[in-house]
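Following the hints, position chain W against chain B.
Protein chains in written order, with our numbering: chain B, 14 to 201; chain W, 46 to 247.
Derived by calculation from the structure, the hints in this document are not laboratory data. Here the structure is a predicted model, which means the values were calculated and not measured. Certain hints may be false.
Stated by the list, open to error - As a list, the in silico DSBU-like pairs of lysine-lysine whose alpha-carbon atoms are at most 35 Å apart:
| hint | chain 1 | residue 1 | chain 2 | residue 2 |
| --- | --- | --- | --- | --- |
| 1 | W | Lys132 | W | Lys188 |
| 2 | B | Lys189 | W | Lys218 |
| 3 | B | Lys197 | W | Lys101 |
| 4 | W | Lys116 | W | Lys163 |
| 5 | B | Lys127 | W | Lys188 |
| 6 | B | Lys71 | W | Lys218 |
| 7 | W | Lys101 | B | Lys71 |
| 8 | W | Lys163 | B | Lys189 |
| 9 | W | Lys188 | B | Lys189 |
| 10 | B | Lys127 | W | Lys218 |
| 11 | W | Lys163 | W | Lys218 |
| 12 | W | Lys188 | B | Lys197 |
| 13 | W | Lys116 | B | Lys85 |
| 14 | W | Lys102 | W | Lys116 |
| 15 | W | Lys218 | W | Lys188 |
| 16 | B | Lys197 | W | Lys218 |
| 17 | W | Lys101 | B | Lys85 |
| 18 | W | Lys83 | B | Lys71 |
| 19 | W | Lys101 | W | Lys83 |
| 20 | B | Lys71 | W | Lys116 |
| 21 | B | Lys197 | W | Lys132 |
| 22 | W | Lys163 | W | Lys188 |
| 23 | B | Lys71 | B | Lys85 |
| 24 | W | Lys116 | W | Lys101 |
| 25 | W | Lys116 | B | Lys197 |
| 26 | W | Lys218 | W | Lys132 |
| 27 | B | Lys85 | W | Lys102 |
| 28 | W | Lys132 | W | Lys101 |
| 29 | W | Lys116 | W | Lys132 |
| 30 | B | Lys127 | B | Lys189 |
Spelled out, the chains give:
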Amino acid sequence: MFNINLASRPFWNLPAFVISVVIFALITLAVTFMNGRTLYRVLTGSEETRTAIASLQKDIAGLDAENEQLRKEIASVDTRRLAYEIDTLNTIIGARALSWSTLLDHVEEVLPNKVRIISLSPSPLEDGVLLSMNCLTESHTGMLDLIDALHNSPNFSNPTPTGLQDQEAGVPEGRKFGLRVTYKPGPV
Amino acid sequence: MTILTILREHRVYWLPTALLLLLNLVLFVGYHYVFFGKIRAEWNRRAQLEGTLEVKKHENQQLNATLASQKRAQESLAQFYERINTKEHRLTLLLAHLDDLTRQAGLIPHAWGFGEDKPERFLPVTAFEISFPLEGTYANVRKLLHFLELSEQFITVSNISLREAGELGQNVKLTLGLVTYFHEDLPEEETQRPPARRRPRS
Numbered sequence: 014m015f016n017i018n019l020a021s022r023p024f025w026n027l028p029a030f031v032i033s034v035v036i037f038a039l040i041t042l043a044v045t046f047m048n049g050r051t052l053y054r055v056l057t058g059s060e061e062t063r064t065a066i067a068s069l070q071k072d073i074a075g076l077d078a079e080n081e082q083l084r085k086e087i088a089s090v091d092t093r094r095l096a097y098e099i100d101t102l103n104t105i106i107g108a109r110a111l112s113w114s115t116l117l118d119h120v121e122e123v124l125p126n127k128v129r130i131i132s133l134s135p136s137p138l139e140d141g142v143l144l145s146m147n148c149l150t151e152s153h154t155g156m157l158d159l160i161d162a163l164h165n166s167p168n169f170s171n172p173t174p175t176g177l178q179d180q181e182a183g184v185p186e187g188r189k190f191g192l193r194v195t196y197k198p199g200p201v
Numbered sequence: 046m047t048i049l050t051i052l053r054e055h056r057v058y059w060l061p062t063a064l065l066l067l068l069n070l071v072l073f074v075g076y077h078y079v080f081f082g083k084i085r086a087e088w089n090r091r092a093q094l095e096g097t098l099e100v101k102k103h104e105n106q107q108l109n110a111t112l113a114s115q116k117r118a119q120e121s122l123a124q125f126y127e128r129i130n131t132k133e134h135r136l137t138l139l140l141a142h143l144d145d146l147t148r149q150a151g152l153i154p155h156a157w158g159f160g161e162d163k164p165e166r167f168l169p170v171t172a173f174e175i176s177f178p179l180e181g182t183y184a185n186v187r188k189l190l191h192f193l194e195l196s197e198q199f200i201t202v203s204n205i206s207l208r209e210a211g212e213l214g215q216n217v218k219l220t221l222g223l224v225t226y227f228h229e230d231l232p233e234e235e236t237q238r239p240p241a242r243r244r245p246r247s
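Here chain B stands alone, though its shape is the one from the complex (with noise of 0.2 Å):
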C-alpha cells in the first residue's frame, strides 16, 4: 500500500495519520448508525403517534356521547323535587324512628318529684327533637327543678318556658306550665 523506498520517497510517519482515519471512520460510523435508529424510530414513532391520535379522538367521541346521553337522562329528572321529596320524607322517617321508650326514660331520670307532665308532643329538628311540654307542679320550684334538670342532663339542652298560670289564673291543682327543650336521643 504505502510506498516504503526510502531512496525514493522521503519517509513520512503515517501512523498518527491512520490512526486519526480509523478513529473520524468510527465515530462517522456510530453516528450513522445512531442517524438511522433515530429516523427509523421517528418514522415508525410518527405512526405510532398517528394511531394513538386516532383512539383517542374515537373515546373522546364516544364519552361525549355517552355524556350526552347521561346528562339528558339526568336532566328528565326533577331533581329540586326530587331533593325536596327526600328531605320531607327524611323528615317524616325522622319522626317516626324517634323512641318514644328513650324519650320516657330520659324524661323520667330529670322529672323531679312534685312535678307531673301534662302532655309531651315531639317536633323533628335536623340534629335532635324540639320537645314540647305541659307540666303541672304544686311546688313554687317545680318550674325552675325542671329547667336545672334539663339543663344537666347531657339529653336535653335549652329549655326554655313557654308559659306559666298559677291557682289564681284558674288552675286549681296547682302550676301549670309549659316548656320547650331541643332532646338529643343519641348515645351518651
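Okay, now just chain W, sitting in the frame of chain B:
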C-alpha cells in the same frame, strides 16, 4: 511536507468517511427541521387529547354517580310509598293492628278519633291522624309505646296528653295521638309547581 500533502495523497482513505459524515449531518439537519416540527406537533396533540380524555372520563364518572344516586333515591322513594301504601289498602289493616296492639298492652280504647286527610304539599303523601283515650297503668302505656315502636306499620306517636293521673301505681288516663301516612296520587296542579326546599323547623 505538510499535513495537507498527506491528506491530499491519501484522500481515498478519509474522503468517503468525510462524505458519509456530511451526509449524516445533512440528514440530521433535514429531519430535525422537516420531521421534528411535525412530530412535536403530533406529540403535543396526543398529550392534549390524553388530557381531554381524562377530563371526559372524570366527567363521565361524575355523571354516572349522579344518575346512580338519582336512581337509588327514586328506588328508595318507591319502596317507601309501597310500604305506606294507599289508604284504601291499608286503613282497615292499620286500625285492626292498632286495636290488637292496645289489647296486647292491656289497654282498651273505648273511643277513637280520626283527623282529616292532610296532604303533604307537593308530595304524593297524605297524613292521617288517629287519637284515642286510654286508661291503664303506666307500665301498660310504656308497653303500648314499645309495641308501636316495633310495629311494621308506619305509625308515629305525635303526642301524649295526660287527662288524669292518679296516685303512684294507679291508672293513668291519657290521650295518645298517632299519625300515619298514605300514598296518594298528587293533585294535578301540584305536579308542575316547583317547590321551595324544605327547611327543618327550629
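Structure versus earlier hints - violations, ascending order: Violated hints: 3, 6, 28; rest satisfied.
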